Each structure stands twice: as C-alpha cells, then as structure tokens.
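Participant: Read top to bottom, the protein sequences are chains Y and B. According to the working numbering, the first sequence holds residues 52 to 358 in order. According to the working numbering, the second sequence holds residues 89 to 393 in order.
Bear in mind the hints are in silico, worked out from the structure with no lab data behind them. Since the structure is predicted, the reported quantities are computational estimates derived from the model, not experimental observations.
Computed footprint of chain B on chain Y, listed as stretches where at least three residues anywhere in the stretch have a Cβ under 8 Å from a Cβ of chain B:
1. 282-295
2. 331-342
Simulated coverage check for chain Y against chain B, where a stretch passes if three residues somewhere in it have a Cβ under 8 Å from a Cβ of chain B:
3. 193-199
4. 309-315
Looking from chain Y toward chain B, a few residues come up when the C-beta cut is under 8 Å (computed):
5. 187
6. 303
7. 321
By construction, the Cβ of each residue, glycine as well, lies at the ideal position given by its N, Cα and C atoms.
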Amino acid sequence: MTMTAPPIVSSAEPSSLRVSLGLLWRDKFACVAVLFLLAVAFAAIFGPWLLGASATKINLMARNAPPLSMHLGWHYILGADALGRSILLRVIVGAQNTMMLAGCAVVISLLVGSILGFIAGFRNDWTSSLVLRLADILMSFPSLLLAMIVLYVLSPGLTNVILVLAITRIPIYLRTTRAEVLEIRERTFVTAARVMGASPWRIVWRHIRPTVTPTLVTIATLEFAFVMLSESSLSFLGLGIQAPEFTWGAMVAQGQSYLGTAWWVAFWPGLAITLTAMSLNLLANWVRIASDPVQRWRLESRKRTNG
Amino acid sequence: MSSYVTNRMLHSAISMVGLIILVFFLSRLTGNPSDLYLPIDTPADVRAAFSKANGFDDPLLIQFQHFVVNLFRFDFGTSLRQERPVLTLVLDAFPTSLMLAAAAMTLAMVVAIVAGALAARSPNGVLDRFVNILSLAGASLPNFWLALVSVLVFAVWLRWLPTSGPGGPSHWVLPVVVLAVRPCGLIAQVVRGAMITALSSAYVKTARAKGVRTRSIVFVHALRNAMLPIITVAGDQATGMINGAVVIEMIFGFPGIGRLMMESIQYRDFAVIQGGVIVTAAAIFALNIVIDLAYALLDPRIKHA
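Pulled out of the complex, with its shape left as it was, chain Y reads as follows:
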C-alpha cells in the first residue's frame, strides 16, 4: 500500500464509495472475500457461455483422472469425473445454477418477507397476527424436511426448488422488518411526518424504508450463504435441480460413490460451496461493522497499524 497523497486530510469530502473501498482495504479478510465473490460472479455470468461445451465433453481416456493430470490438458488440473469431464470446468459452469437458484430464492423471500413485514408492522392489527401465525407454522418445522416433502410432491425442477427455498426463508425477513418497523414508527421523525400530513405510503417509502434497508441487506447476504447450503443439501439428497443441469451440491452427490477411489470428484465442488459461503459470511460481517458507527472506529483505527 503506497501512499502518494500527503498524509494531511484534504478539506474536500471524499465520495462515500471511496470511503467504503478504503475501509474494505483495511480489512484484508473482507477484501479477499470480495475478490473471491467477484470471481464467482464472473464464472456464474460468463462460465456457461465460454466453457459450457467443453464442460460437458465426455473423454473416456480421462476417466477419474487425478488432479494435476496436466498431460491430458490444462483443464484437468483438478482432475476429472467418472465420465472424464474436467472438474475445473464443471465447477466454473456449475457456478451459474448454484448462484442463480440461491439468488432468486433470496430476492423472492426478501421482497415477500419485507412487504409482509411492513404491512404487519405498520398496521399492527389482525392482519399482523394472521401473518405472524403463518410465519410461526413455517418456523416451527425444520425447513429442509419441509422442502423435501414439498419437492417430492411437486417434482424437483428449477422453479419449484427456488419457490420452496424462498417460502421457507420468508419468516426471517418478515419478523425482522416487522420488529424494526414497530420500533421506527414510534420515533419522532415519523410522528413529525405524520403531523405534516404525509400519507402512509409516503411515510413507509420515504421515512421507514431507508432505515430498515441496511439491516435487511445484511440479513440477505447471510441468507444467501444459508440458502446456498440448503440448496446444496437438497441437490445432494437428489431433490434439487435435475440432470443434465447441475449445481455444486449435485456434483458432490455424484462424487459420493467414487469417494474411496476418486476423492477429488466430490472434494472440489464442496470446497467451492464452502469458500463462497465463507466469503458471504465475511462480507456480511464487514458490512455490519462498517455500517455501524459504534464499531466503525475499529476498522478506521487499523489504518495506523497497517499503513
């Protein structure tokens, strides 16, 4: 980290993006996590388009080839599966389905959960208790078991997996939003807005929503990791998205039968799941600290020790 600028703080206010990037740079773990997530996002967006054909190419010469089988080609660096398909390419291509399933489920549950939470918190009448009881039913039962039963009924497919994952996670957003809204709607600035004649919609959208958003974004980041792990478990149990489409979880399941002879088939996709989930957790942790003025000084004070 080379400092070209003089150490005197300039009088101009730096942009918030630069401040955030500066804070991110000071937390090396979060920095690595963001870089890794960018790589995963790149693989998810461009992977199937660039490498889709080579990832499904069967090469019986390379059946269960161990890692570092470079003589077969550079893409066999992580080994090959039972049909001789490159694991590296399949992990890259599989990122798209894995990310898309988790991403769609998180967005749906975030939207539905927070809207229901706003209604329940803002009205706080019988609709509120009805919505809360429904959330209770969902929360009172292990989500994976519920997802298993529902997916067996509905037959596992892309849409159904997303819907089941989304529905089982709605209560988290609902409860958080409701609790925050209940607290914020009693604050002075909301009362002031009401006295000035603001409509309920305006109060919710312009005054309450911006205060709740940071909490919801942090939860959504953590939930992304959780949903990805749930989806992987479902895929592992054979109830996720079905072949020929695959996710990292399905790749682990496929490798399970070759565990004794070819450990690498199950190992690498599982490592990809772990690293992605961990990066998301690290990022959520950092966002929580960086957006909390009470804890933010910890990141800022590291400037002196690192710089």
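For this one, chain Y is given, so just place chain B on it according to the hints.
Facilitator: Structure of chain B alone, referenced to chain Y:
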C-alpha cells in the same frame, strides 16, 4: 409468567395443527401408493381391493377425519412398507436422532462458549481473530461435504474410525462432530458478540475493581448476562439440528428419524411421514417451552412481562 407460557403453548399448538393439515394433504398429493406397491399388470379389482383395504378409496376429507379421530387415540396408523405400527417405527428411530442431536448440541455449546468467551477477553487480539475466522468457516461448511471428507480422511485413509453404521462409541464420533460444526460456528459468533458487550458493562468493572479473578468474571459474571442471546441462537440451531440429522443419518447409515422420513417420502408411506412430522413437531414444541423456561430462569424480569 404462567400467562406467557400458556400464550406460547397456544401459539405452538396452532402451528402444530396447521402443520398436520399441511402434511396430510401434501403427502396425499404425491400420488396413489397402489401404483408403487403393486406390479404394473395387477388386475383392476386387486388394485381396488388394495386401495379399499388401506382406505385410499375414501374421499380425502373422510380420510382426514379418520386420521384425526385415530390421532386422539394415539393411533398413528400402520406403515404400508414395513407393515408395522407407525408409533413403534417412529419411537424406535427417535432415540437415535435424539442422542445424535443432544450429543452434537452439547459439544457445540461447550466449544462455542469456551472459544467465544476467551476470544471476547481481548477483542481484535490474535485469539479473537483466530476464533472469528474459524467460527465463520465452521458456519460455512456444508455438512454433507464435511461428512464425506471426514469419512475419507479418518475412516478410509487413517483408519482410525469406522465409516458408517450404528454401533459402539467410535461409530458416533464422526456423525456427532460433523453435525456439531455448523451450530458451533454460529453459536461462537453470538457468544463472542454478547460477551464483548457484557464485559464492557459497568458491573464487570466493579467486579474487576473488587479484585475478582478474571476467569470468574468471564465465566460467572459476564456469561450469565450474555446467556440470553446465546440461548436464542442455540434454540434455533437445535431446531435446525433435524435438518442436519437427515443428511448425516443418510450418509452414516444411522437408523434415525431423518432417514426414516426420507425413505417414507420415497415410498409414499403416508402414515409414517405424518407420524414422523407429528413427533418431530412435538419435540420442537417441547424444546421451545424449555427455552422459554430457561429465559425466565436467567432473566427474572421476564416473569413480570
């Protein structure tokens, strides 16, 4: 306090009724079991007799009525696949899962509390960062993958432990540890946060000024106040334990409730699915009451609320 518990019990009871209705109709949607249990060329009259004997030819609402009436007599029906009473099957499988979950939860709690409390003693110190990263990693590990990797390393390569199946204590080591890792990571995060808050409060300063030993301050004074958020997250994790148990029991071949449910779903064994769901829900119901009582025990203010 009693009205609080009654209220909570009422809510749980409503959830349970909702769940039973949901599971009954959902499992009926999977299709007619006679397609699965009888050969394809079965004559229509045999098929009809099979349906009639098992009550599948009644209208759904009548089937539901029978189910509810029998439920009040603690008759959960008979398993189609194993031709044994559901209650026996479920109660045979339940102790295995319960022991698995209890052992994993105890391990997770002890490790998480000790590690989290030690980390909180010096925030941002070396130990704190180490615990923080390790607990984040633990919370991010997919348990089915961890199970496979640990079987590979400890059972296949090192040959220290058996690969799968129930048996002596050595058979329990891998499943319990693997099941404990994720809850342990998540709880350790909460312990660390709650302990940092508790250790910076005024009463801890007072204890320090009085000359109380550090260990006793951390584990007696601060921990008791930090216990409430810890109990909350531990309760959530204990409920989620069933999720993990399904996967772990499948991989390690443990005859627990998770495996029973998974197999029953595949074989359209409706009675067992319903029985398993009811018993699981009842266990969670009981757990929630215990958690509520623990709250009241730890924080006397709740009694007046």
